[in-house]
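In case you want the letters, here they are:
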Amino acid sequence: MTKDNQVLEDITSKEYEHGWATDLEADESPKGLSEDTVRFISSRKQEPEWLLEWRLKAYRNWLKMTEPKWPNVKYPKINYQDIIYYSAPKKKTGPSSLDEVDPELIKTFEKLGISLTEQKRLSGIAVDAVIDSVSVATTFKEKLGELGIIFCSFSEAVREHPELIKKYLGSVVPMNDNYFAALNSAVFSDGSFCYIPKGVRCPMELSTYFRINAANTGQFERTLIVAEEGSYVSYLEGCTAPMRDENQLHAAVVELYAMKDAEIKYSTVQNWYPGDKNGKGGIYNFVTKRGLCAGDHSKISWTQVETGSAITWKYPSCVLKGDYSMGEFYSVAVTNNYQQADTGTKMTHIGKNTRSRIVSKGISAGKSQNSYRGQVHIMKRATNSRNFSQCDSLLMGDQCGAHTFPYIDVENNTAKVEHEATTSKIGEDQIFYCLQRGIDEEAAVALIVNGYAKEVLNQLPMEFAVEAQKLLALTLEGSVG
Amino acid sequence: MTATTSDIDLIEKISGAFKKTADAKDNHRREALATFQKIGLPNSKTEEYRFAPITRALEKNFDFDKTGSSSDINSIEKFLIPNLDASVIVFLNGIYSKTLSKIVSPESELRISNLKLSIENGESTPYFQKYLANSADVFSALNSAFWQDGIFIQVPANTKVEKPLMILHINDAENSQSIGHTRLLVVLQEGSELTLIERSASVGANAIFHSFAEEIIVKEKATLDYIKIQNDEGKLHQVANSIIHQSNESKLSTFTLTMNGSLIRNNFNIAIDGEKCESHFYGLYLLNGNTIADNHTVVDHIKPNSHSNELYKGVMDGNSKGVFNGKIFVRPHAQKTNAFQSNRNILLTDTSTINTKPQLEIWADDVKCSHGCTTGQLDEEALFYLRSRGISHEEAKAMLLYAFAAETLEPIKNHELKSYLDDLISGRLNKF
Chain A
1 MTKDNQVLED ITSKEYEHGW ATDLEADESP KGLSEDTVRF ISSRKQEPEW
51 LLEWRLKAYR NWLKMTEPKW PNVKYPKINY QDIIYYSAPK KKTGPSSLDE
101 VDPELIKTFE KLGISLTEQK RLSGIAVDAV IDSVSVATTF KEKLGELGII
151 FCSFSEAVRE HPELIKKYLG SVVPMNDNYF AALNSAVFSD GSFCYIPKGV
201 RCPMELSTYF RINAANTGQF ERTLIVAEEG SYVSYLEGCT APMRDENQLH
251 AAVVELYAMK DAEIKYSTVQ NWYPGDKNGK GGIYNFVTKR GLCAGDHSKI
301 SWTQVETGSA ITWKYPSCVL KGDYSMGEFY SVAVTNNYQQ ADTGTKMTHI
351 GKNTRSRIVS KGISAGKSQN SYRGQVHIMK RATNSRNFSQ CDSLLMGDQC
401 GAHTFPYIDV ENNTAKVEHE ATTSKIGEDQ IFYCLQRGID EEAAVALIVN
451 GYAKEVLNQL PMEFAVEAQK LLALTLEGSV G
Chain B
1 MTATTSDIDL IEKISGAFKK TADAKDNHRR EALATFQKIG LPNSKTEEYR
51 FAPITRALEK NFDFDKTGSS SDINSIEKFL IPNLDASVIV FLNGIYSKTL
101 SKIVSPESEL RISNLKLSIE NGESTPYFQK YLANSADVFS ALNSAFWQDG
151 IFIQVPANTK VEKPLMILHI NDAENSQSIG HTRLLVVLQE GSELTLIERS
201 ASVGANAIFH SFAEEIIVKE KATLDYIKIQ NDEGKLHQVA NSIIHQSNES
251 KLSTFTLTMN GSLIRNNFNI AIDGEKCESH FYGLYLLNGN TIADNHTVVD
301 HIKPNSHSNE LYKGVMDGNS KGVFNGKIFV RPHAQKTNAF QSNRNILLTD
351 TSTINTKPQL EIWADDVKCS HGCTTGQLDE EALFYLRSRG ISHEEAKAML
401 LYAFAAETLE PIKNHELKSY LDDLISGRLN KF
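Chain order of the listed sequences is A and B. Heads up: the first sequence runs through residues 1 to 481, numbered per the working numbering. Heads up: the second sequence runs through residues 1 to 432, numbered per the working numbering.
For reference, chain B alone in the conformation it holds in the complex (with noise of 0.2 angstroms):
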């Protein structure tokens, strides 16, 4: 690939504020800096980012010579889950908040640790960046060199944690750019249950650029429920890095609702590297505006005999752009796999557009593997038939609209999330 000169002054800009950041002597995050520097920033040309123009966005928006912003938020109320009782981890503008966070499940069935600590005194060391590798994605790079702050969940064997963990990112733009690189590392032990919500939540005016990389890792038996809820209104530019690592036996079903933000980059990775797992991998994307949403999501079938069930769905308006990349693999002995995938979309105005992807890569014979992808607009006739019963034209559409994606909710239990995710859906709607 052929940078152009911006790039590699951006690349060469970024590099200098690594060297201000306090952990630059540490070898580690010279590795992934060099792993950055080499793999370089995409630009249009670059088949995993040819729709995400993350650089330029960069470029244009943030200067990485300054130092990140202050904030003086003393409140979450606004951007917590009503009726929700649930544990919060506050990270404002990438820095961990003691003081805005709150724990709610006891010591026994939750604990966490600094990340930083943990590493040093090697209670997470068997896990950090174990299925994470630098050298995966160029954002993958820049978060392992650059990360402020993290947190070491883990959940201890045979154990259900009652209350849901919401992560919570804030990022303050009031003052200035707000720029946050953070991380998370969740280890489900055997048996286990949890909950866990990620949603980024943004104050002010000023482009925010938050680069996220987690790793969570199911082990055998265990149980995850992953609800990620991505509908910042500010200027974010965010690239999340997410791999979950399933063992054998374990359940998972995850939940990604995107709303809005500048660019939203996904790359979720589920690595089901165990016998008789199950993965339910829901989506849905509900743009408007200018909105760029982009989902990278890779389910890697590695052992045999295990059963995933794929479905993104995307709502396009204004001048918004959705971008789907399903990538599913069945590698060599992976046998007795079922995977199946489903990308839908639909495009409300002729200036929005959808470019997906859905892609197969099998290795083994004895699977059943599909994938289907639609495009297309409400039904004429069925908007048709609710006029014809007295319905305003703009609730027929929002009932329809309603119909196709409410589907994507299914795999959530918990009730208050599912009615709060329910209303957000609703509202977006009904501006349609």
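Extracted from the complex, chain A is given alone in its bound form (with noise of 0.2 angstroms):
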């Protein structure tokens, strides 16, 4: 007990441990948002004719589209003008190896915990760093490029692999989807692009961080993973901003592509600057995930342990139009001091026989507001298909909110679709029994918690397990008593 106790004493000793800025020199747009700020970007990364095309068609839907008001979340209203658009650390070339990367950077990652080479040589952990919108470094790629699979920055791939992009861009999340989409399809920046080919089993997990660094910047990130028949890979998003007191917006697309057989796992842990413990400053996490089943026994899994954001808006959802294929959503999403979290998923049965999960646990602590908001849809042709939903909320303290908003409609009758749905908090007895046996009660609550959300930590590969512990209890610091 001594040694977690010793975790607990340092985490709760801590502030925001990734709050820190590094000095890169950026080479930015200027402010606001016009098809010049859309063209400039594309210029700069030096893109072809159609995918500027497709940029401006996306902006101008963009302008005639209106903010969502229905997420349960409250946040003052974003100057769209105010905002830097492209920030690319200044490099005149990408670098080849490790070694051309700018050593700042490199410091950068040693202090986030995810040092290229350590992760390169210990791990097997192949990263995708992105810092500030333009994908520094790939490591594992050759090793993986052996296997047929293509692992690169979204404007490598633009660059090299066109015509995957030119077939995939869109195809799950199309540019008009929904305001941050299409805000996204017309400025973003960078990303990751991932191409498994038939029949391959990715041998590691494929992991990317996320990280917004200079000061103003929105990040636009894209992610575009496609499947080919019979293949399958897991691939984790983690993601860091430094402390910062303005709001910044963080508006990123993720689209999964499955064919027949194929198996996508993507695992998240969001631990962005949630603002501090009076509300002030934090990310507005308003993100788009969208996983396509578009073949036969197809499955697709999106994990996630939500701690960070001042506001999060975010549905990973997923569509299954192949017969016999399968969606699962696990989600644990915890919210302190005064963070929103609007989260839940969305899934979408087309085909025969599909089945999809849900377990969702909320946590919501200090003056938050969590919400579980999640559509099952069985169109009419998918018959005998199958969903079970279970959304759990444990609430700390009388000042927090938890809100559950399941949308079920049913179309087809040979579908059994089921939810459950409770509200609970820590009971006095479970507190009690660790308090007997020695355990103190910020103790007995991270253990508590970490029991309540084992269902979902389970699913996560062992590295981002482990983290993600550590970021439960982190956020819950100082929510009891």
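Derived from the structure by calculation, the hints contain no laboratory data. None of these values were measured; they are calculated from a predicted model. Glycine included, each C-beta is placed from N, C-alpha and C at the ideal position. Don't take each hint at face value.
[Unchecked claim] Each computed SDA-like pair below joins lysine to any residue, with the alpha-carbon atoms no more than 25 angstroms apart:
id	chain 1	residue 1	chain 2	residue 2
1	A	K416	B	S342
2	B	K38	B	D26
3	A	K416	B	S101
4	A	K367	B	D366
5	A	K454	B	G372
[Claimed, not checked] Far from chain A by the CB rule (all over 10 angstroms, computed), these chain B residues:
id	residue
6	K38
7	E47
8	S70
9	P126
10	D300
11	L347
With the hints as a guide, bring the two chains together.
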């Protein structure tokens, strides 16, 4: 137990540990958004004409759209003209190996605990690190290349595999899907692209670390993962941002495309700056994530641990188009202080015999508001489809709120849909039991919360599970008593 | 919300009709009309009315320029519940009918007066529109502007009303469309007890629009059993806005049965504004044909230490559509609340649909709240079991459906009423 106490002490005495800024010379677009900004980004990235057209079309669509008002979150109006839409660390040519990477940047990663060199040697994870929009180094690329796996930055993919990008870009999340997806489509700066060829099982976990660095820069990432027939890939995404007072906007798009018999597992640990104790600052995380199970027997699984961001607005969804396809969503969302989260999933059953499973665990503390919003839609053709949803909320303190908005729309009479939700607090008897055995209250809470979230944490790859457990405890520091 | 031009036309038409009503100069009504115009009619993008195409139905089927139809109904025998000795208050096309109504309870148990008069003489002013705000729902505002007639019912303190009271809405659409706006105000004083039944029935094949709004106040230690029977076989389009306000240690049990009608929308709210209250909130919808039944319910826990239990079940056949939205609010400081909600559905055909949204919003930590929701079909194995014992498919199906549905009848205490409802339900299930 002393070890556990030590861990808790460590984290309780900490403020946001990733709160520092690296002095990197940045190549920035002027503030504000117009067609010129879109052209600026496109030309800076030396993009082909069709992509510029695509961006401009998205931009024109965006102009006609209005910001969604339905999420259960409150924030001051975003001034879209006060954001720098593009910021790249100044480097004339892209580095071909780690040695060429700016030493400042390497230090940044080391502080984050994901030193590229370390990771390359020890953990066997290929990291496509993204600092402020431009992918700086991609490791293990050669090794993956042997298997025919393409794992590179989005801009590189545009240059080297334009036919794939052209085919799949916007195929799951159309450019005019929603307000933030349209914004992203117009100004997306970089991101990751991953292509797993037919029958290949990706031998390692692929991973990116997003990090928002320069002040006042929104980050508009775009991730596209395509899994060909019978392939498998597990993808990790981790996010942190330095401490800043102003709110920063993050509007990313993630598209997953799974063919027949393919499986994609997408895990996220989101640890962005949530703002300070008084609710000042923090990231606005408005993300569109969607996976398409295009082929029969395909499977897409989302796992997320959300501990950061001032506001989270995110619904990783699955479109189950292929017969016998399967979608999964496992989520732990923790909010503390003034954080607000409106997150959940959408399972759209189109194909026959499709199955989906939703496990969502919300934990709210302090003055935060935590909402689960999900839709299970069984379409007419989706005979014998099956859904099970469970969303539990845990409340800590009497000033926070937990909300559940499940939409269940069934148009087929052979479908079975189940939904259950509970709301509770940590039992006094549970705490008492721990106290009796010499576990102090804070440690007891960490223990109970971890047990509560176990079902989801178990879905995470090992390295992430450890980090996620620490994050959970960190986010809830000082919320008891 | 951007209103389409046809919506605006309809709002104008309705507003035009308002000017012709007798009370058009009344300030409260004019305010209500302004609220109605401001909110506007719902369309498919309006979150609360996404699945209830009421505006389209109003547009298509009703002419708001025309005045209400006349009626020559002189017997209500066939609309009554057999063997049930109850007082009956009848509204005929939205107007209270003295000749058809029959009060069997003595004045000392049940005080019934005209709502308009009771507002004028100040008797009902402490209660009228205290809990049902115009702004809460567009049809509540519409009703506040238009209500033609209403009844104010009071049960004196510590009195038990021995015989049930039935409110019967008869919509006579024999000769032309029928549009009625009725209003009800019920106050159960401290420690009183009442069984209230509300039912609508129609005559004729023309379209009917019935807007109904009611406020029921259940004071300390009072007990209310409330049963709504919605098996109107006419072309009924109904929006009922109900709010029941509960004070300390009061007990409430409700049962809503929806079986027929073109489009039935119930906005049923329970405000638990007292400690140690008990609320049982039951509903059953057995739909066929093209019926759309939309139950929007709210259980609002405002004070601590109360208990609520909500159970709504539905069976959808034909092209019918069931909609359920159940909100549970637990406000800050409503600690030690127990709130349970369950919604279970069976779809019998592939052209029927169910849209359900069980919604929990909790702002207090020391609570026990849960909700569950299922959609499925009859268990093949159970069917097989019954078939293997020589029971026909139809009969086996009806038996299983009955077992599914009967649970919702649990809170009904009155024997005659229970057996009547039981027959209604079995009759319908045998036809599925």
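Verification of the hints:
Among the hinted pairs, K416 of chain A with S342 of chain B is consistent with the structure: their alpha-carbon atoms are about 16 angstroms apart, no more than 25 angstroms. In summary, the hint linking K38 of chain B to D26 of chain B is supported, as the alpha carbons are separated by about 18 angstroms, within the 25 angstroms threshold. Under the criterion of a C-alpha separation no larger than 25 angstroms, the hint pairing K416 of chain A with S101 of chain B is inconsistent with the structure, at around 47 angstroms. About 15 angstroms separates the Cα atoms of K367 of chain A and D366 of chain B, which keeps this hinted pair within 25 angstroms; it holds.
A hinted pair counts as satisfied when its Cα atoms are at most 25 angstroms apart, and K454 of chain A with G372 of chain B qualifies at roughly 22 angstroms. Look at K38 of chain B: its CB is around 17 angstroms from the nearest CB on chain A, clear of 10 angstroms, so calling it non-interface holds up. Under the 10 angstroms C-beta cut-off, the non-interface status given to E47 of chain B relative to chain A is violated; the minimum distance is some 7 angstroms. Remark: the non-interface label on S70 of chain B is consistent with the geometry, its nearest Cβ contact in chain A lying 43 angstroms away (cut-off 10 angstroms).
Against chain A, the non-interface label of P126 of chain B holds: every CB pair exceeds 10 angstroms, the least being about 32 angstroms. The beta carbon of D300 of chain B is kept farther than 10 angstroms from every beta carbon of chain A, the shortest such distance being approximately 14 angstroms. The claim that L347 of chain B is not at the interface with chain A is violated, since a C-beta of that chain comes within 10 angstroms of its own (minimum 4 angstroms).
Of the numbered hints given earlier, the model fails hints 3, 7, 11; all others are met.
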